[in-house]
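Q: Sequence:
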Amino acid sequence: MTDQGFTAGEIDTSRAHPARMYDYYLGGKDNYEVDRQAADRVIEVSPDVVLGARANRDFMHRAVRFVAQGGIRQIIDIGTGIPTSPNTHEIAQAVSPDVRVAYIDNDPIVATHAGAHLLGNGSTGFFLADMRDPEKILGHPTISRLIDFDQPVAIMLVSVLHFVSDAEDPRGIVATLREAICPGSRLVLSHGTADFHAATADEVQGAYGKAVAGLRLRGHDEVMALFEGFDLVEPGLVQAPLWRPDGPVPDDAESRRRGVYAAVGTKR
Numbered sequence: 001m002t003d004q005g006f007t008a009g010e011i012d013t014s015r016a017h018p019a020r021m022y023d024y025y026l027g028g029k030d031n032y033e034v035d036r037q038a039a040d041r042v043i044e045v046s047p048d049v050v051l052g053a054r055a056n057r058d059f060m061h062r063a064v065r066f067v068a069q070g071g072i073r074q075i076i077d078i079g080t081g082i083p084t085s086p087n088t089h090e091i092a093q094a095v096s097p098d099v100r101v102a103y104i105d106n107d108p109i110v111a112t113h114a115g116a117h118l119l120g121n122g123s124t125g126f127f128l129a130d131m132r133d134p135e136k137i138l139g140h141p142t143i144s145r146l147i148d149f150d151q152p153v154a155i156m157l158v159s160v161l162h163f164v165s166d167a168e169d170p171r172g173i174v175a176t177l178r179e180a181i182c183p184g185s186r187l188v189l190s191h192g193t194a195d196f197h198a199a200t201a202d203e204v205q206g207a208y209g210k211a212v213a214g215l216r217l218r219g220h221d222e223v224m225a226l227f228e229g230f231d232l233v234e235p236g237l238v239q240a241p242l243w244r245p246d247g248p249v250p251d252d253a254e255s256r257r258r259g260v261y262a263a264v265g266t267k268r
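Read left to right, the sequence shown gives residues 1 to 268 (full-length UniProt numbering).
Be a bit skeptical, because a hint or two may be false.
Cβ-Cβ distance ranges computed for the label pairs, FRET-style [as the list claims (entries may be wrong)]:
| # | residue 1 | residue 2 | range |
| --- | --- | --- | --- |
| 1 | PRO250 | GLY139 | 37 to 43 Å |
| 2 | PHE196 | PRO141 | 20 to 26 Å |
| 3 | PRO183 | THR112 | 34 to 40 Å |
| 4 | ALA199 | PRO250 | 36 to 42 Å |
| 5 | ARG36 | PRO250 | 37 to 43 Å |
| 6 | HIS61 | ASP98 | 15 to 21 Å |
FYI, nobody ran anything at the bench for these hints, they're computed from the structure. Built from N, CA and C at the ideal position, the CB exists for glycine as well.
Model the full structure from these sequences, guided by the hints.
A: Okay, structure coming up:
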């Protein structure tokens, strides 16, 4: 089921959108010239952004598999982005076909792809909402249909909170979501950082200035603070390629090129 909640005239392709820029970093084609121009400016300043995007996507795959193998049977994927197979429900349902997934994004372009790529069965749903309004997300009918908050839930905030400014209170957003889920639930979170690219951080953040959402890269301690109320599973908060790798691990020099922290936490 898709709740688009917009008309064709409301789709704004005059400004770059981070979801479509991310699709471009991953080599996708579901983006517009304005997105490609903005993304190319970022790549020109910091070519490693492409490596970070791919490492982040690989982390998502491993983390979804991990939570599904751990018994989680319902997932709320906030900031879904342009669907790129395998998607969250494909990975989770390969572990257990009864996993239910609610997808949320604020980009109408994502909604246009949802029917073909995200809604293969009655166990998945998509609706338009903004992570800055977690109460709206939690109260949406699609959530009510798919999610039982008396049972453990995995909430996914993968590479999205760095588009939330300090004034928009990312810790408060996570806290609202945390209070809705029962102990044993999981938080899957990744976040861009300038800890390894300090020299280009201002230019990268500036390149997002004309996009529909600005960029706020955060340091390790700031990202750790988002996990308040959660116990991190091993290996803790690390660069994305180092979180439970299932293949060759980049050496230290190569790892430093991936400016993304990632972790999974369990609600106490």
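Q: Verify the CB-CB distance for PRO250 and GLY139 against the hinted window 37 to 43 Å.
A: 42 Å, holds
Q: Can you let me know if the beta-carbon spacing of ARG36 and PRO250 is within 37 to 43 Å?
A: At 27 Å between Cβs, range violated.
Q: Quick one: are ALA199 and PRO250 within 36 to 42 Å, going by C-beta?
A: The hint (36 to 42 Å, Cβ to Cβ) is violated, given that ALA199 and PRO250 are roughly 20 Å apart.
Q: Per the hint of 34 to 40 Å, is the separation of the Cβ atoms of PRO183 and THR112 within bounds?
A: 38 Å, holds
Q: Do HIS61 and ASP98 keep their Cβ atoms within the hinted range of 15 to 21 Å?
A: At roughly 20 Å between Cβ atoms, ASP98 and HIS61 fall inside 15 to 21 Å, so the hint holds.
Q: Should the hint that PHE196 and PRO141 are 20 to 26 Å apart at their CB atoms be regarded as holding?
A: 42 Å, violated
The structure fails to meet hints 2, 4, 5 from the earlier list, while all remaining hints are met.
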